[in-house]
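Taking the hints into account, I'd like the entire structure generated from these sequences.
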Amino acid sequence: MLTNEQNQQLERLLDSVQKAVRYLGGEMNQRYKPEASFGFAFCFPDTYEVGMSHLGMKILYRILNDLDDVRCERVFMPAVDMADGLRREGIPLFSLETRSPLKDFPLIGFTLQYEMSFTCVLEMLSLGGVAALSKARKESDPIVLAGGPSAANPEPLTPFIDAFLLGDGEESVVEVTQLVKALREKGETRENILFALSQIEGVYVPRFYEAVYNEDGTIRSFGPIREGVPPVVRRRIYLDFENAPYPEKMIVPYTQIVHDRVALEVMRGCTRGCRFCQAGYIYRPVRERSPKRVMELAESLISSSGYEELSITSLSTGDYTGLAELVAGLNKRFQNRRVALSLPSLRVDGSLKETLEETGQVRKGGLTFAAEAGTQRLRDVINKGVTEDDLITAVSDAFSSGYAGIKIYFMTSLPTETYEDLDGIAALAALVRQTYFNLPKASRPGGLRINISTSTFVPKPFTPFQWCGQDAPQVIEEKQRYLREKLRMKGLAFRWNDWQQSRMEAAISRGDRRMGAVIYEAWKLGCRLDSWTEHFNYERWQEAFQKVGVDIAFYANRERSYDEILPWDFIDMGVTKDFLRKENEKAKAGVTTPDCRQGCRGCGLQRLEGVCT
Amino acid sequence: MKCWAVYQVPESLRLLGHLDLMRSMQRVLRRSGLPIKYSQGFNPHVQMSLAAPKPVGMAGENELMEFTLTEPLPREAVKEAIQKALPEVMALKGLILRDDKAAALPALVRMASYRVDFYGKPPFSARQLSDFLSQTEIPAVKTTKKGKRSYDMRPLIMQAELKGQSLHCTLSLWEGGACRCDDFLEQLCRFAGVSEAPQVIYTRVRLLDKKAKPLDSYADC
Ligand code: SF4
Numbered sequence: 001m002l003t004n005e006q007n008q009q010l011e012r013l014l015d016s017v018q019k020a021v022r023y024l025g026g027e028m029n030q031r032y033k034p035e036a037s038f039g040f041a042f043c044f045p046d047t048y049e050v051g052m053s054h055l056g057m058k059i060l061y062r063i064l065n066d067l068d069d070v071r072c073e074r075v076f077m078p079a080v081d082m083a084d085g086l087r088r089e090g091i092p093l094f095s096l097e098t099r100s101p102l103k104d105f106p107l108i109g110f111t112l113q114y115e116m117s118f119t120c121v122l123e124m125l126s127l128g129g130v131a132a133l134s135k136a137r138k139e140s141d142p143i144v145l146a147g148g149p150s151a152a153n154p155e156p157l158t159p160f161i162d163a164f165l166l167g168d169g170e171e172s173v174v175e176v177t178q179l180v181k182a183l184r185e186k187g188e189t190r191e192n193i194l195f196a197l198s199q200i201e202g203v204y205v206p207r208f209y210e211a212v213y214n215e216d217g218t219i220r221s222f223g224p225i226r227e228g229v230p231p232v233v234r235r236r237i238y239l240d241f242e243n244a245p246y247p248e249k250m251i252v253p254y255t256q257i258v259h260d261r262v263a264l265e266v267m268r269g270c271t272r273g274c275r276f277c278q279a280g281y282i283y284r285p286v287r288e289r290s291p292k293r294v295m296e297l298a299e300s301l302i303s304s305s306g307y308e309e310l311s312i313t314s315l316s317t318g319d320y321t322g323l324a325e326l327v328a329g330l331n332k333r334f335q336n337r338r339v340a341l342s343l344p345s346l347r348v349d350g351s352l353k354e355t356l357e358e359t360g361q362v363r364k365g366g367l368t369f370a371a372e373a374g375t376q377r378l379r380d381v382i383n384k385g386v387t388e389d390d391l392i393t394a395v396s397d398a399f400s401s402g403y404a405g406i407k408i409y410f411m412t413s414l415p416t417e418t419y420e421d422l423d424g425i426a427a428l429a430a431l432v433r434q435t436y437f438n439l440p441k442a443s444r445p446g447g448l449r450i451n452i453s454t455s456t457f458v459p460k461p462f463t464p465f466q467w468c469g470q471d472a473p474q475v476i477e478e479k480q481r482y483l484r485e486k487l488r489m490k491g492l493a494f495r496w497n498d499w500q501q502s503r504m505e506a507a508i509s510r511g512d513r514r515m516g517a518v519i520y521e522a523w524k525l526g527c528r529l530d531s532w533t534e535h536f537n538y539e540r541w542q543e544a545f546q547k548v549g550v551d552i553a554f555y556a557n558r559e560r561s562y563d564e565i566l567p568w569d570f571i572d573m574g575v576t577k578d579f580l581r582k583e584n585e586k587a588k589a590g591v592t593t594p595d596c597r598q599g600c601r602g603c604g605l606q607r608l609e610g611v612c613t
Numbered sequence: 001m002k003c004w005a006v007y008q009v010p011e012s013l014r015l016l017g018h019l020d021l022m023r024s025m026q027r028v029l030r031r032s033g034l035p036i037k038y039s040q041g042f043n044p045h046v047q048m049s050l051a052a053p054k055p056v057g058m059a060g061e062n063e064l065m066e067f068t069l070t071e072p073l074p075r076e077a078v079k080e081a082i083q084k085a086l087p088e089v090m091a092l093k094g095l096i097l098r099d100d101k102a103a104a105l106p107a108l109v110r111m112a113s114y115r116v117d118f119y120g121k122p123p124f125s126a127r128q129l130s131d132f133l134s135q136t137e138i139p140a141v142k143t144t145k146k147g148k149r150s151y152d153m154r155p156l157i158m159q160a161e162l163k164g165q166s167l168h169c170t171l172s173l174w175e176g177g178a179c180r181c182d183d184f185l186e187q188l189c190r191f192a193g194v195s196e197a198p199q200v201i202y203t204r205v206r207l208l209d210k211k212a213k214p215l216d217s218y219a220d221c
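Read top to bottom, the protein sequences are chains A and B.
Numbering-wise (my numbering), the first sequence opens with residue 1 and increments by one.
Numbering-wise (my numbering), the second sequence opens with residue 1 and increments by one.
Keep in mind that the hints were calculated from the coordinates and are not lab data.
Treat the hints loosely; a few may be bogus.
Pairs of lysine-lysine residues, derived as BS3-like cross-links and limited to a Cα-Cα distance of at most 25 Å, are as follows [claimed, not checked]:
# : chain 1 : residue 1 : chain 2 : residue 2
1 : A       : Lys-249   : B       : Lys-79
2 : B       : Lys-79    : B       : Lys-121
3 : B       : Lys-145   : A       : Lys-19
4 : B       : Lys-101   : B       : Lys-37
From chain B, some residues computed to sit far from chain A (all C-beta separations above 12 Å) [claimed, not checked]:
#  : residue
5  : Asp-20
6  : Arg-27
7  : Gly-33
8  : Asn-43
9  : His-45
10 : Glu-61
11 : Pro-72
12 : Leu-97
13 : Lys-101
14 : Glu-137
15 : Lys-142
16 : Asp-152
17 : Ile-157
18 : Met-158
19 : Thr-170
20 : Asp-183
Looking from chain A toward chain B, a few residues come up when the C-beta cut is under 10 Å (computed) [said to hold, decoys possible]:
#  : residue
21 : Arg-12
22 : Leu-14
23 : Leu-24
24 : Gly-26
25 : Gln-30
26 : Tyr-32
27 : Pro-253
28 : Gln-256
29 : Val-258
30 : His-259
Beta carbons are placed, not taken as given, at the ideal position from N, Cα and C, and that holds for glycine.
Shown next, in the form of structure tokens:
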């Protein structure tokens with residue numbers, strides 16, 4: 001815990017920072033277990049408002065705190081004013097529950113949701129009094145873990161993380177915690193503990209592996225350098241999704257957070273196979289919760305939180321079996337309690353109309369549709385099984401159900417994209433607009449607002465596009481300029497992302513071990529909170545690349561060949577490289593792969609017994 | 001049935017702002033499972049009000065909120081439900097049952113008593129405090145949304161004394177005139193020639209009506 005003097009300094013600091021409520025803890029349903037001997041600091045490398053909106057953290061927080069003798073406490077990345085204040089006053093970054101410095105926890109775990117949070121991992125460790133570099137940690141220092149989707153390619157963070165947990169964390173986090181606790185009590189050495197961890201399925205301990213490079217910078221070989229360490233690490237897949245522990249009493253922040261509502265995960269995984277989408281591959285197979293269980297969870301979540309809104313989440317909620325029935329059931333149960341229902345990530349080709357009618361009576365916000373690409377050709381390339389008709393029907397349904405705000409989301413710079421595809425975006429936007437005006441005035445809501453928003457495609461590991469190069473910055477800029485001109489229409493707003501962040505994301509997400517030095521340098525140069533546009537500083541990142549002597553284009557823009565060893569090849573994600581390669585070839589040929597709910601496509605999961613049936 | 005819940009905002013939550021507290025207390029009521037009255041309209045919300053906005057940076061020992069139940073329930077049942085719905089760090093200190101026609105809670109507040117705890121010794125003496133109070137006029141400036149405005153602070157100070165390490169005071173708090181506790185301390189420090197602002201913890205101890213009767217001591221009606 002902080003000393004009295006530090007506490008007094010902290011109080012003074014809290015008086016002076018923005019939104020101090022982020023640092024107070026003590027919320028409803030917080031778990032406070034100061035008596036439990038073994039501390040696990042659960043770290044989210046972004047601010048409180050972002051981290052507290054994240055479901056995975058809440059799930060693991062509950063699981064860990066349900067263990068006897070373990071106290072799991074939350075630590076978030078402080079905003080810049082607080083981070084600087086802590087450093088200035090010499091107060092270590094602390095947990096919200098008991099105000100314990102990060103360095104006093106035997107285990108520290110980071111959840112990695114996006115690559116642009118990586119510098120925050122270093123910053124948080126450093127603020128918490130823990131050496132950022134794994135090799136600089138001493139015998140009794142905390143063991144630093146990381147997991148989450150952005151650990152799918154763990155290589156860029158290998159200098160900082162002692163052990164990665166790949167795949168679903170529900171079981172592995174318990175196994176790891178109990179093992180470390182037992183071995184620490186026995187007085188085992190750090191090295192022995194890490195070796196023991198490497199024997200747990202799904203755990204990757206980078207220090208026991210080595211990469212050798214070719215002259216051209218590609219990887220010549222990669223593998224274990226210690227006997228008994230598995231050459232291939234297989235991701236953990238948690239199959240009993242129905243009965244999986246859920247944060248039934250979720251923490252209710254005092255302040256407004258990004259997703260200020262109950263999040264109810266009804267389904268994990270997605271079988272659509274959109275070729276750009278990493279989540280669609282790394283969370284297979286699809287696992288659904290029964291409507292009965294969902295109702296049970298909804299009941300306890302709503303009554304223990306007091307939230308006014310319930311959001312049904314998954315990668316593709318429209319695919320949930322019996323969605324309409326579930327929505328009707330939830331509405332019936334919660335209407336009198338004034339709980340609004342929201343359904344993000346609906347697909348436009350589902351039975352939208354019914355569902356809209358059911359949710360529509362509660363609250364009408366905006367609706368977002370992911371069209372992803374402007375022409376059928378390109379949608380076939382990326383395997384986005386949505387047609388223009390689907391979109392127009394959906395939009396028309398939305399308008400006539402009373403939604404006047406429509407957001408349509410596209411990706412630009414997708415593989416094989418041409419200017420015709422950009423024209424397609426503009427044509428589609430015009431058609432959506434026309435659809436609105438074609439409706440009789442009486443049956444459409446007033447105040448049409450169409451938002452077209454685009455982001456730049458980032459090739460990701462474990463997708464069919466993992467070999468692709470990203471468009472060069474000039475190309476991206478030129479395309480954005482072109483679209484801006486094309487999308488000047490009344491009632492329509494166009495938003496796009498600057499390419500700089502996407503370029504860094506492209507470089508880091510497919511980086512190898514040498515990327516670690518770049519991240520370290522960038523952090524030394526002051527990079528942190530890079531996912532915030534106001535804090536992201538491209539020049540500093542460029543400088544970091546230069547200093548380390550690493551070429552951004554080598555990682556971001558280079559097309560990789562099929563026989564190249566990719567940095568993440570040693571991980572068995574379930575989906576095979578061979579399947580991804582075939583999918584990439586089909587993409588180039590514009591051939592689609594239908595949803596595997598209608599028949600197995602042999603993605604690789606069928607190899608694993610009992611996993612995908 | 002109208003109810004007043006008397007609750008504590010602990011020191012650890014003193015940095016909670018009024019809006020955050022409002023939203024949180026609404027959720028407390030929703031969690032309680034009690035038959036709470038909602039506002040009408042398309043986006044119905046819990047009908048409740050806090051006695052007085054809580055300034056950021058201030059703990060509260062006897063804060064009050066008013067809400068209405070759509071059906072009468074025994075006091076103990078209501079108390080228990082609210083206590084359970086409050087975050088562990090907040091305590092329910094009492095429940096007062098009010099007649100539906102009784103005056104609304106915020107309209108009764110006229111003043112509040114405060115305690116200012118210093119880290120270490122108070123930077124002024126009891127003598128300096130009484131000299132400060134014996135002035136017939138204390139010109140001060142407050143910054144409002146409309147700009148700076150000068151006013152006389154003296155009539156807004158009901159009482160103030162030093163007790164050990166703490167300053168206790170009662171200040172006016174209503175639309176007819178309000179004095180912020182930190183403004184009061186600042187004036188006092190300036191008067192006593194204290195150069196550096198002392199580090200303190202502010203606590204609003206009680207909310208009082210026009211006869212200086214604490215609202216938390218009201219009887220049921
Ligand atoms: S194994 Fe077959 S059914 Fe299962 S996710 Fe892969 S393609 Fe789909």
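Pro-72(B) remote from chain A - nearest C-beta pair above 12 Å:
holds (19 Å)
Does Tyr-32(A) pass the interface check with chain B, least Cβ-Cβ distance below 10 Å?
holds (7 Å)
Interface hint check: Pro-253(A), Cβ to nearest Cβ on chain B, cutoff 10 Å. Holds or violated?
holds (9 Å)
Does Asn-43(B) really sit off the interface, with its C-beta more than 12 Å from all C-beta atoms of chain A?
It is violated; Asn-43(B) is separated from chain A by about 7 Å at its closest Cβ, not greater than 12 Å.
Given hint Lys-37(B) paired with Lys-101(B) - CA-CA distance at most 25 Å:
Given pair Lys-101(B), Lys-37(B) holds - Cα atoms ~15 Å apart, limit 25 Å.
Does Glu-61(B) sit more than 12 Å from chain A, CB to CB?
Non-interface label stands for Glu-61(B): nearest chain A Cβ at 17 Å, farther than 12 Å.
Given His-259(A) was flagged as interface, is its beta-carbon under 10 Å from a beta-carbon of chain B?
Violated, about 15 Å.
Do the alpha carbons of Lys-79(B) and Lys-121(B) lie within 25 Å of each other, as the hint requires?
At roughly 39 Å apart (the allowed maximum being 25 Å), Lys-121(B) and Lys-79(B) break the hint.
If I take the minimum Cβ distance from Lys-101(B) to any residue of chain A, is it greater than 12 Å?
Given that every Cβ of chain A is farther than 12 Å from that of Lys-101(B), nearest at about 26 Å, it holds.
Have a go at the Leu-14(A) hint: is there a Cβ in chain B nearer than 10 Å to its own Cβ?
Given a least distance of 6 Å, the restraint on Leu-14(A) holds.
Hint Leu-24(A) vs chain B: min CB-CB distance below 10 Å?
Because about 6 Å separates Leu-24(A) from the closest Cβ in chain B, which is inside the 10 Å limit, the hint holds.
Claimed clearance of chain A by His-45(B), with the beta carbon kept past 12 Å
Its Cβ does come within 12 Å of chain A, the nearest being 8 Å, so this is violated.
Hint compliance for this structure: hints 2, 5, 6, 7, 8, 9, 29, 30 are not met, and every other hint is.
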